[in-house]
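Same order as they appear, the protein sequences are chains A and B.
Residues in the first sequence are numbered consecutively from 0, following numbering that gives the first Met the number 0.
Residues in the second sequence are numbered consecutively from 0, following numbering that gives the first Met the number 0.
No lab work stands behind these hints: they were computed from the structure.
C-beta: ideal position from N, C-alpha, C; glycine also.
Treat the hints with care, since some could be wrong.
Claimed, not checked - Quick list of the computed label-pair ranges, beta carbon to beta carbon: (1) A:Gln212 <-> B:Lys114: 41 to 51 Å; (2) A:Asp104 <-> B:Glu183: 28 to 38 Å; (3) A:Ser210 <-> B:Lys56: 45 to 55 Å; (4) A:Ser210 <-> B:Thr10: 48 to 58 Å.
Unchecked claim - Covered by chain A, per the in silico footprint, the following chain B stretches (three or more residues, Cβ under 8 Å): (5) 108-120; (6) 169-177; (7) 183-191; (8) 226-237.
To be verified - With a straight-line cut-off of 30 Å between C-alpha atoms, the simulated DSS-like cross-links for lysine-lysine are: (9) A:Lys114 <-> B:Lys114; (10) A:Lys274 <-> A:Lys56; (11) A:Lys14 <-> A:Lys274; (12) A:Lys274 <-> A:Lys256; (13) A:Lys114 <-> B:Lys256; (14) B:Lys56 <-> B:Lys114; (15) B:Lys114 <-> A:Lys256; (16) A:Lys14 <-> A:Lys114; (17) B:Lys256 <-> B:Lys274.
Protein chains: 2
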Amino acid sequence: MTDAHVTESLTLRLKQIGARLEPVLEHLLARQPLAGETCRPDRLVEAMRYAALGGGKRLRPVLVAEVACLFGREDDGVLVAGAALELIHCYSLVHDDLPAMDDDDLRRGRPTVHKAFDEATAILAGDALLTLAFDAITLDEVHADPAVRLHLTRDLARAAGLGGMAGGQMLDLESETRARSEQEIRQLQAMKTGALLRYACRAGALLADASAQDVERLTRFGEIIGLAFQLADDLLDVEASAETTGKATGKDAAAGKATLVGLMGVDATRAELEKLLGEASDLLAPFGDRAAPLLALAEFITNRDH
Amino acid sequence: MTDAHVTESLTLRLKQIGARLEPVLEHLLARQPLAGETCRPDRLVEAMRYAALGGGKRLRPVLVAEVACLFGREDDGVLVAGAALELIHCYSLVHDDLPAMDDDDLRRGRPTVHKAFDEATAILAGDALLTLAFDAITLDEVHADPAVRLHLTRDLARAAGLGGMAGGQMLDLESETRARSEQEIRQLQAMKTGALLRYACRAGALLADASAQDVERLTRFGEIIGLAFQLADDLLDVEASAETTGKATGKDAAAGKATLVGLMGVDATRAELEKLLGEASDLLAPFGDRAAPLLALAEFITNRDH
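Isolated chain A, as found in the complex (with noise of 0.2 Å):
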């Protein structure tokens, strides 16, 4: 295929897969209450649809689905767990923009939950967003064996918690006052933002039966993918306008966090990202052109301009 026609099919995929994933989320946000609850107040539904419908790229669903392909698996129980996973995603994103946190007051080009609700309705929100995406994780759809979907909720809470995105939000937060090493740098955002995206490939491969040595195949391809999906935001924080983003940039020099751009220069990064891509390209060879999907994402990932 040229260039052209991956990128084409790659952005069919992609809104394909969120086409899927919408009604998923609209149907875990219902504002009718499940069995075991009670109702579901107003307030606290509308401002967790907010933060998590109708918006985003959709990563780590898009990565969870794309890997079960892979080995076979399409049917919407994947999208199930992919969706508890944009569930953790959407919860931190709101989380992170409070005052106390990041101070953000826009999100894709929109208020953000604590400006558009308040910021006690942006807390229990978030807290309820999280505890969701554990509910969801759960469901029978996600897969038949019981056990499965046991490791698969543990593996998330492993990569959401203390020693996986929470934590890794910790450190960043430690950053704007203290400086960080390059190690400490690239080790805060495995945690902060990696840990999901190395979630989301290894989930993918759980969900279709994936043999063990597959499995650590695809964690590894995911760890990849966090790293580029980083450094990507780095040169973005540093390079792009807040047009292009729709949130604000260069807040990271603003803060005072040392990023991996700044510490290894521009180039030094670009050059990081195209090993990167060639390794990810390594890890999928044994798939042959199954793997176009994927690869095309990865590459999307490594130069994406928002």
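Got chain A; can you put chain B on it based on the hints?
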């Protein structure tokens, strides 16, 4: 047994279960990362330990353990499930105390987490405690059957989330600016405090492989405990001094929040508590003397002065 004997034996059991719970929590909140975690940042793990270790009545884990014991299960796996529930309870206290929520400076006679650390750390510590709970509830020692652990996980999410505790806190916050009927207050309390107490009793029965009928019986017992707990708490809020409870009192009235005691009066509240205790006793009657500790616990909750 005389009343004095019951009280003495209850106090001993509370102490014993609390002493067995502490190392379980300590293990979950270890400073070393688990498999699948990168590292556990010092500041975050310290804030979580501050919030969860060495304090509180441990009422929810005690309920889990006593109900499981009623059905013949007494091993420490029960306390791992109890610890998961306690982590959820502790996270809710950390977030409820935040300036944007109830804005409390004291908890159990100590500075609240956002006072001892800072707001961002308190938000993240709450998030990470909540997430860790969903790690703990999946652990092998909780139950040999993954399907049971999955059931416990999903029920925990529903008790804690949008349609349970978090939803109840949303309704409670709205009560500061909106009048509530008695029925609305009952619903919000059933969610805010009732849902976790109900889950504690239900989980105890599920953990010990109780019959479906007994699971429902103990679930109902948990609902009664939840209501009695809240009524007793409302009475305390009206009557007790800050000295006895270690937290600010009379806050509900100050915040303009209607309570059941406020609507029904003290005498009617006491009468309802007696009635609830009678119903709890009837529910436990089939279990004879074996239910004495649980019944003593119900009485303790109904008559507590702190």
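Structure versus earlier hints, numbers of those that do not hold, lowest first:
Structure breaks hint 8 only.
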